[in-house]
Amino acid sequence: MKLIHSVAVALVVVAFAGCSSTGGNKGDDVAVEDRSGAGGDGSAVATGVGSGYGDLSVESLNDPNSPLSQRVIYFEYDSSEVASQDRPLVEAHAAFLAANPEIKVAVEGHADERGAREYNIGLGEQRSQSVRRMMEFQGVSPTQISTVSFGEEKPAVEGHDESAWSMNRRVELVYVGY
Amino acid sequence: MNMRYIYKSLLGVLLYLPLLAHAALTIEITQGVDGAVPIAVVPFGIEGSGSAPPQDVAAIVAADLARSGRFAPVPEQNLIARPVEMDQVRFPDWRTLGVENLIIGKVEPAGAGQYRVQFRLFDVFRGRQITGYSLPASADKLRYVAHRISDIIYEALTGQPGAFATKIAYVISEKRNGKTVYKLELADSDGYNPKTLLSSGQPLMSPGWSPDARKLAYVSFEKRRAGVFVQDVATGKREELAAFAGINGAPAWSPDGRSMAVTLSRDGNPEIYSMRLSDKKLKRLTSSAAIDTEPVWTPDGRSIVFTSDRGGSPQLYRMPAQGGRAQRVTFEGSYNASADFSPDGKTLAMVHGEGGRYQIATLDLDSGLLRVLSDGQLDESPSFAPNGSMIIYATEAGHRGVLAAVSSDGRFRQRFSLQQGNVREPVWSPFEKRK
Numbered sequence: 001m002k003l004i005h006s007v008a009v010a011l012v013v014v015a016f017a018g019c020s021s022t023g024g025n026k027g028d029d030v031a032v033e034d035r036s037g038a039g040g041d042g043s044a045v046a047t048g049v050g051s052g053y054g055d056l057s058v059e060s061l062n063d064p065n066s067p068l069s070q071r072v073i074y075f076e077y078d079s080s081e082v083a084s085q086d087r088p089l090v091e092a093h094a095a096f097l098a099a100n101p102e103i104k105v106a107v108e109g110h111a112d113e114r115g116a117r118e119y120n121i122g123l124g125e126q127r128s129q130s131v132r133r134m135m136e137f138q139g140v141s142p143t144q145i146s147t148v149s150f151g152e153e154k155p156a157v158e159g160h161d162e163s164a165w166s167m168n169r170r171v172e173l174v175y176v177g178y
Numbered sequence: 001m002n003m004r005y006i007y008k009s010l011l012g013v014l015l016y017l018p019l020l021a022h023a024a025l026t027i028e029i030t031q032g033v034d035g036a037v038p039i040a041v042v043p044f045g046i047e048g049s050g051s052a053p054p055q056d057v058a059a060i061v062a063a064d065l066a067r068s069g070r071f072a073p074v075p076e077q078n079l080i081a082r083p084v085e086m087d088q089v090r091f092p093d094w095r096t097l098g099v100e101n102l103i104i105g106k107v108e109p110a111g112a113g114q115y116r117v118q119f120r121l122f123d124v125f126r127g128r129q130i131t132g133y134s135l136p137a138s139a140d141k142l143r144y145v146a147h148r149i150s151d152i153i154y155e156a157l158t159g160q161p162g163a164f165a166t167k168i169a170y171v172i173s174e175k176r177n178g179k180t181v182y183k184l185e186l187a188d189s190d191g192y193n194p195k196t197l198l199s200s201g202q203p204l205m206s207p208g209w210s211p212d213a214r215k216l217a218y219v220s221f222e223k224r225r226a227g228v229f230v231q232d233v234a235t236g237k238r239e240e241l242a243a244f245a246g247i248n249g250a251p252a253w254s255p256d257g258r259s260m261a262v263t264l265s266r267d268g269n270p271e272i273y274s275m276r277l278s279d280k281k282l283k284r285l286t287s288s289a290a291i292d293t294e295p296v297w298t299p300d301g302r303s304i305v306f307t308s309d310r311g312g313s314p315q316l317y318r319m320p321a322q323g324g325r326a327q328r329v330t331f332e333g334s335y336n337a338s339a340d341f342s343p344d345g346k347t348l349a350m351v352h353g354e355g356g357r358y359q360i361a362t363l364d365l366d367s368g369l370l371r372v373l374s375d376g377q378l379d380e381s382p383s384f385a386p387n388g389s390m391i392i393y394a395t396e397a398g399h400r401g402v403l404a405a406v407s408s409d410g411r412f413r414q415r416f417s418l419q420q421g422n423v424r425e426p427v428w429s430p431f432e433k434r435k
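Order-wise, the sequence lines are chains A and B.
Mapping of the first sequence onto my numbering: position 8 corresponds to residue 8, and the numbering continues sequentially without gaps.
Mapping of the second sequence onto my numbering: position 357 corresponds to residue 357, and the numbering continues sequentially without gaps.
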């Protein structure tokens, strides 16, 4: 089931990223060209799946039923790898951004409180860079994405155990002005 | 607010010194030392007429000596005599009390708001004076002069310079009306005279001293991105030194004060750079796909030790100050980060993680011996006193961030806490350059 879902989202991404490459004005975006080439025969299939998935208009950002309402990606301890179950979420946001090149996102990386503070800034930065790279690979323009790492300085949950730490090892997507 | 300064040793001594101050750190000695040397500090005589001095100089000296872990001042009520002048001292009495050293002194008014503080340190068994000074002080400098007296006494008795007349900088965060306020603070080494250097609604972190103890570098997120700032402690004047895309962090002054090592991610990954302060020219020192950060200079300025996870977990590495091949320094433990050098360059303090606990450890660089010194779960940010005697660090008590200090031999511990809020990232100042 999860696999099917992932495939569906991936196809949606391809479809909407495809929109971006034709509708967008960033003709020099290497990532867009790479991906639209790779998704050659996928985009036709994806149209139907995409309509069932909901629209990716600007309004959908504030729709609680849209996958875009989910703005937090969680990480394992001392890891900056986006977990496979979270990839569809990042991909949905990437598709949205690629379809709406005027919209900008701040990718904010965070770490749990354990260990050294500046190392945790580094860890938060690598988490935000992982998400940024995934998004750029899906055709989001680098100019739409800014990254910042707050390390352990801004925990989402106060607490000194794994239940708090697991909520604090995260990347938050902040849509500027939305 | 009436704050209390608590000093409690294993000997069961308990002193309360009421003091008018705001948000001062309260110090509690949490692990005493059996071998602390008994010493008698007699309350200083108040000479002349006029207003009494605003500080109890002898009490400040006694508290300093107790905080060092090396001395055990006799409780005031157990003092058998109150000599002020040398000819009032009867050494046999003090021998009976079992103290090795005796300190007497007096404070004399010397014009409007001015005082002269005189003290003498005696060897009780030999029955003679070891040292003695007369020091001028304005009313607002009496605490400082008391710390200078403690420095002189400590050095006379241990052979090591005292670090009482120094400062600590640290970061406070507290919730106010649901919002977090971050403050960069500066206090005397005993937690007194706290001053706020900067207050912000966004995180402040990583304070670091200039070698002349006049400036602090730090990281501020006041623009919702990281920036490295340098602020003059006396004037408050500040400058943003690094404002590149991504990380601007971990500032560390070179020992000659001419360069600042920083962590930047402007080239896509956290790397260490050296910035020449005269023209802000940057030189990149590391190049790896891993996190490279938390640079500290060796006291001779020739090398930089830093944290990197290039080997899979965070460990300390050492490279030439101009960059180049890095060698791994730490091998014990799954996590070693946030290094600080002892002033003699022979020991590294660090955050050492093993079995889910993060504690302060020291590594003797000659022998390779690693020693865990702290006993918390989430200890961080170790910083050596400028005489190498103590390491101050951040820990937790009662779910709040507090500071603690441990002697470099691990035998003696104390805790600095605030009435409210979290305190963290302590950095002990270098010795100030005296004129």
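It is possible that part of the hints are untrue.
Covered stretches of chain B (chain A as the covering partner; in silico rule of three or more C-beta atoms under 8 angstroms from a C-beta of chain A) [as the list claims (entries may be wrong)]:
1) 51–63
2) 80–94
3) 299–313
4) 351–360
Everything labelled a hint here was simulated from the structure, so no lab data went into it.
Where a beta carbon is used, it is the ideal one built from N, C-alpha and C, also for glycine.
Tested hints:
1. 51–63: Answer violated; 0 residues pass the 8 angstroms Cβ test.
2. 80–94: violated (count 0)
3. 299–313: It holds, with 3 qualifying residues against the three required.
4. 351–360: Since three or more residues must qualify, the claim that chain A covers the segment 351–360 of chain B holds, with 3 doing so at under 8 angstroms.
Comparing the model with each numbered hint stated earlier shows that hints 1 and 2 do not hold.
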